[in-house]
Amino acid sequence: MHMGVKPLRSVCLFIVPVVVVALLATFGCNKQDATTSADIPIGHFASLTGDTATFGVSANEGILLAQDEINAKGGVLGKKVRVITQDDRSQPDEAKTVVNKLITQDHVVALLGEIASSRSIAAAPVAQDAQVPMLSPGSTNPKVTQIGDYIFRACFIDPFQAKVMAEFAMDNLKLKRFAILYPANSDYGVGFKDYFKQAVTKAGGEIVAELGYTEKSDVDFRGQLTKIKAANPDAIFVSGYYTEAGLIAEQARELGITVPLLGGDGWDSDQTLKIGKDAVNGCYFTNHYSPDQDSPQVKAFVAAYEQRYKNQDGTPKVPDAMAILGYDAMRLLCDAVQRAGSTDGPKIRDALAATKDFPGAAGAITIDKDRNAQKPIVVIKIEDGKFKFVTSINP
Amino acid sequence: MQEFLQQLINGLSVGSIYALIAVGYTMVYGVLQLINFAHGDVFMVGAMVALYAATGRVPPSMPWWLHGLIVGGLGAWFLIAWLVAGRSPQRCLRTILPLAAMYLLSVPLLWGVYRLWRPSSLPAWMQSSFTMLTPAFLRPWVPPLFVLLVSLAACGALGFIIERLAYRPLRNRPRINSLITAIGISLLLEYGGQNPLVFGATPQAFPAEMVPGIHESLFKVYGITVSRVDAMVLATTLLLMLVLSWIVLKTRTGLALRAVSFRFDTASLMGVDVDRVIGFTFVLGSTLAAAAGFLYAEKYPEVQPLMGLFPGIKAFVAAVFGGIGNIAGAVVGALVLGMVEVLVVGYLPNGSQYKEAVAFVILIAILLVKPSGLFGKHVIEKV
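So the sequence lines, in the order shown, correspond to chains W and X. Residue 232 in my numbering is what sits at position 197 of the first sequence, and the numbering runs on without skipping anything. Residue 108 in my numbering is what sits at position 98 of the second sequence, and the numbering runs on without skipping anything.
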């Protein structure tokens, strides 16, 4: 500070305008209110970037598609709906922060999100305290909706998913001995693993090895896989997300493990194929839907989505499960607001809880007493670097 | 027994990656007594640049305004330093020359990488002479080698720029200033890299298959598999260790390096160009990080801006473990660390959750007995 201006004064010169602008901005925002605005704001918090970025991006694309369809048909309660999407960078803390912002600053009437259970669990208490209904499109861990009576989901839960995979592997693939590799720091991964273990044991199968890894930091699984190889299982169940599934498959093949890998909806991303390449061929996972499914609703959705969204190279983008979950969740939520006849939190909550046989694109949705959706599930096989539909099972 | 041997091989394979990064850490520390926390992130940039080069996402050439900016910037710097700051023209030129060389090198590199990935876009005479001059078994290796070269060049330049802009102005200040700056640079690269305009935060698949047969096994003996990539990493580490030892012990630059490392100010009084030696150290360290980044991405074909964080910390630990400042010590430390981690995962229940904890407990135990690390202190040839 040799510029002739006293330090204190120069600091004041800088701080005062900043404070004034900040105050103006805050009060300016507060004037906007849901009841007076011309549209209905709906918040969506999603992982647009980060480890599981394809989840958030796909869900958001599905939600925006639904938003435009609903607005084209006249909107909800005579007003247009407007989705405000916030990125949580695939981090639970960040999810909590952006949900706070959506509720206090954007005054959303309801929330959509998240796909990953850890982030839904982090953000749900904020929504519950503010009495803003939250509908998760794709979090499958049972704990999510146990947080409170304002928290719902538009998908099946992990015990169902685990049971279907266990029965499919034992009855259809005739496998008996399973090894498990799970992310020990993920709510989804640990829960899914436990339910799978229960389902296998109940059906007379055997768990020969059970090893953990650390999600988001581990990239080397050879230590675990060598152990698994020595146990000589019929299949390896990986309860994590696509980020690790591809690497695990590759390293398993390198160590000479040829048995199939099994997984859940966390695998659903084309990154599984890009990272796993040949190594994931012959593997199976359970999912919310498949674009090859023979159903008119699925076909209509796929056509609308492919027309709107393109890959980087200009080819139509095939919607993954998170896209259709986002699409269905948005439509279900708007349907509930319409049925509630109001944008009041408690009324939307009651309307959501009363949902019965809502015609979702991925199958009819009924919300049960635990605020979970009862929905059909599909099994997918990876073949020649592509996801192939195997079978669909009703709850 | 078979399983145990396989686990040892796995440990060796993890450790050799740590070793590759640790060598760069320990070298910079040896010269500057600076823990260059940005090293792990230069490693990340190396992998990222390799990804962009290998997927042909580099532009065929720089846009004209970038040429103008670089040439104009260098010219302006020269003029200001000469006319305004009153430095001698020779001294100004010496500062500019490395930057100008990097710029001139980048033009053919960008062009080459872009065309090599689309061989049909090469002029006909180049295609035919390429086919004639390179024997068939070498041909598939040309693109990956070129990708590696681009990554080395980019990280060398990055290292030089970091040293010039961030560390050199602070060199005569208390050491803690440089340390905090290093952490700042590290965070800048990690979080700046997550910006969608730079790399984006999303993990991306790395085209590891550009190196022929990378994930096939090299040999199988007695049920134990050694994959090619592991062999490649270990061989590169050992090779780099030898090359580095040669540079440090047998060349004039190495002599200057040791002099600077021994007594900074005395070396400068004896006519050693300290700036040049330190710049050289950073370029060398950063190219090592780039090589490590490339091999790491070959081995774990998924890259993202935070990928340097954990390997960087582990490599730092390995360097301290082996006696920081000592190259062979860093390699041994890294191999031991890798082994310990894999064995903890393999043989303790729920090992994956505390493999780091066990590794660090061993580190603390060793430092309690030998505060300077396994090979520290009594080795005279510090780098």
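None of these hints come from the bench; they were simulated from the model. All C-beta atoms in this analysis are idealised placements derived from N, C-alpha and C, irrespective of residue type, glycine included. Possibly wrong hints are sitting among the right ones.
Stated by the list, open to error - One-sided excerpt, in silico: chain W residues whose CB lies under 10 Å from chain X:
| # | residue |
| --- | --- |
| 1 | Gly85 |
| 2 | Tyr248 |
| 3 | Ala265 |
| 4 | Pro268 |
| 5 | Leu290 |
| 6 | Asn316 |
What the hints assert, rightly or not - Rough simulated footprint, nothing fancy, chain X against chain W, three-plus residues with beta-carbon under 8 Å:
| # | stretch |
| --- | --- |
| 7 | 255-264 |
| 8 | 298-310 |
| 9 | 337-349 |
Hints, verified against the model:
1. Gly85: Holds. Min distance 5 Å.
2. Tyr248: holds, 5 Å
3. Ala265: Nearest chain X Cβ about 4 Å off; hint holds.
4. Pro268: violated, 14 Å
5. Leu290: holds, 6 Å
6. Asn316: Status violated, d = 14 Å.
7. 255-264: holds (count 7)
8. 298-310: Result for this restraint: holds, n = 3.
9. 337-349: violated (count 0)
Hint compliance for this structure: hints 4, 6 and 9 are not met, and every other hint is.
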